[in-house]
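Take 80 as the starting number for the sequence shown in the working numbering and just add one per residue.
Please keep in mind that the hints were generated in silico from the structure rather than gathered at the bench. Note that beta-carbon positions come from the ideal geometry of N, C-alpha and C, so glycine has one too. Take these hints with a grain of salt, some might be off.
DSSO-like mimics (lysine-lysine), calculated; alpha carbons at most 27 Å apart, straight line [stated by the list, open to error]:
#: 1; residue 1: K304; residue 2: K216
#: 2; residue 1: K196; residue 2: K185
#: 3; residue 1: K153; residue 2: K196
#: 4; residue 1: K104; residue 2: K147
#: 5; residue 1: K309; residue 2: K104
#: 6; residue 1: K196; residue 2: K309
Ranges of calculated distance between the beta carbons of each label pair, as one might list FRET restraints [unchecked claim]:
#: 7; residue 1: Q133; residue 2: G281; range: 19 to 29 Å
#: 8; residue 1: A315; residue 2: I125; range: 32 to 42 Å
#: 9; residue 1: V359; residue 2: M186; range: 45 to 55 Å
#: 10; residue 1: Q198; residue 2: G102; range: 44 to 54 Å
#: 11; residue 1: T193; residue 2: L311; range: 21 to 31 Å
#: 12; residue 1: R103; residue 2: R271; range: 15 to 25 Å
#: 13; residue 1: T193; residue 2: P272; range: 32 to 42 Å
#: 14; residue 1: A366; residue 2: S317; range: 16 to 26 Å
#: 15; residue 1: V165; residue 2: R103; range: 31 to 41 Å
#: 16; residue 1: P272; residue 2: V109; range: 42 to 52 Å
#: 17; residue 1: G281; residue 2: L195; range: 16 to 26 Å
#: 18; residue 1: A261; residue 2: D349; range: 15 to 25 Å
#: 19; residue 1: L195; residue 2: L136; range: 16 to 26 Å
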Amino acid sequence: MLFFLLIHFYYSLLYNQPSVLVGRKDVASVTPWSAPIIWEGTFDPILIDSIYKQHNLTIATTVFALGKYTRFVKDFLESAEQHYFVGFRVHYYLFTDQPESIPEVKMGENRNLTVLKIQRLKRWQDISMSRMEKLEKLIENELANKADYIFCLDIDTKFYGRWGVESLGRLVGVIHPWLFDAPRDRFTYERRPESQAYIPAGEGDFYYAGAAFGGLLEDVHQLTKTCREKLLIDAANSIEAVWQEESHLNKYFLLNKPNKLLSPEYMWRDINEKAAQIKVVRFSNVAKNYAEVRPNP
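Construct the complete structure from the given sequences, taking the supplied hints into account.
This is how it looks when you write it as structure tokens:
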């Protein structure tokens, strides 16, 4: 009898009845192409964790820490261990030119870190633009059969709240914290027709942050491959998109709509005042002196 009671307890889950009439009314929770936009109050963490726990998932997570950016590794990893896909398998892949400078951070059960050495680059713009190629090759050569999803995040960030399986989707974009409430004519898209990242005035959905994106391996591989190819075409034509790979990411998402969007809760800025719509800051770009940490202006 005790066995059957335990089985019933394990498979029973109490949560509030879902409603089609009650929910967030201060923000949009779905895009015009029917993709959900994830905000606090649009999901039940206990329920959604119980659903995804059945699938035995592994989430690969990539970050780049070159030059002085190694100083951000400790806070990133320690805060991730407290808030990022807690209770799920996570494998971090950290690209760096200074493996000896990476601090040792205690990892939880089923949580691993692989440090990958890459070449030092002189311009932060070159570091930015090289990421797509590195991610493409990592998925091709390392991650097949080792992970189900991948998220690509900036290292100069810190987790402050839950980032969990509610963020998983086929192709996931994060709405930029500086432009989430701006009209599209203020978006900092690449506006020169000569660039492969060109988005004409009057077009565009949202402005997506290059500091965080993800999805299924196959879909992110296609994203990184396409952006890498477009970056090479621009380079051959002696043009550099205004925000490097972020500009190409926005062009890709315009043509290939993400099927899930994460609200600016998932990519805030420590220097931003908290907006009324932001009930929880989950992940944030930390305040820093860019002139001091970047190798060039």
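Broken hints, by number: Hints 4, 5, 7, 8, 9, 12, 14, 15, 16 and 17 not satisfied by this model.
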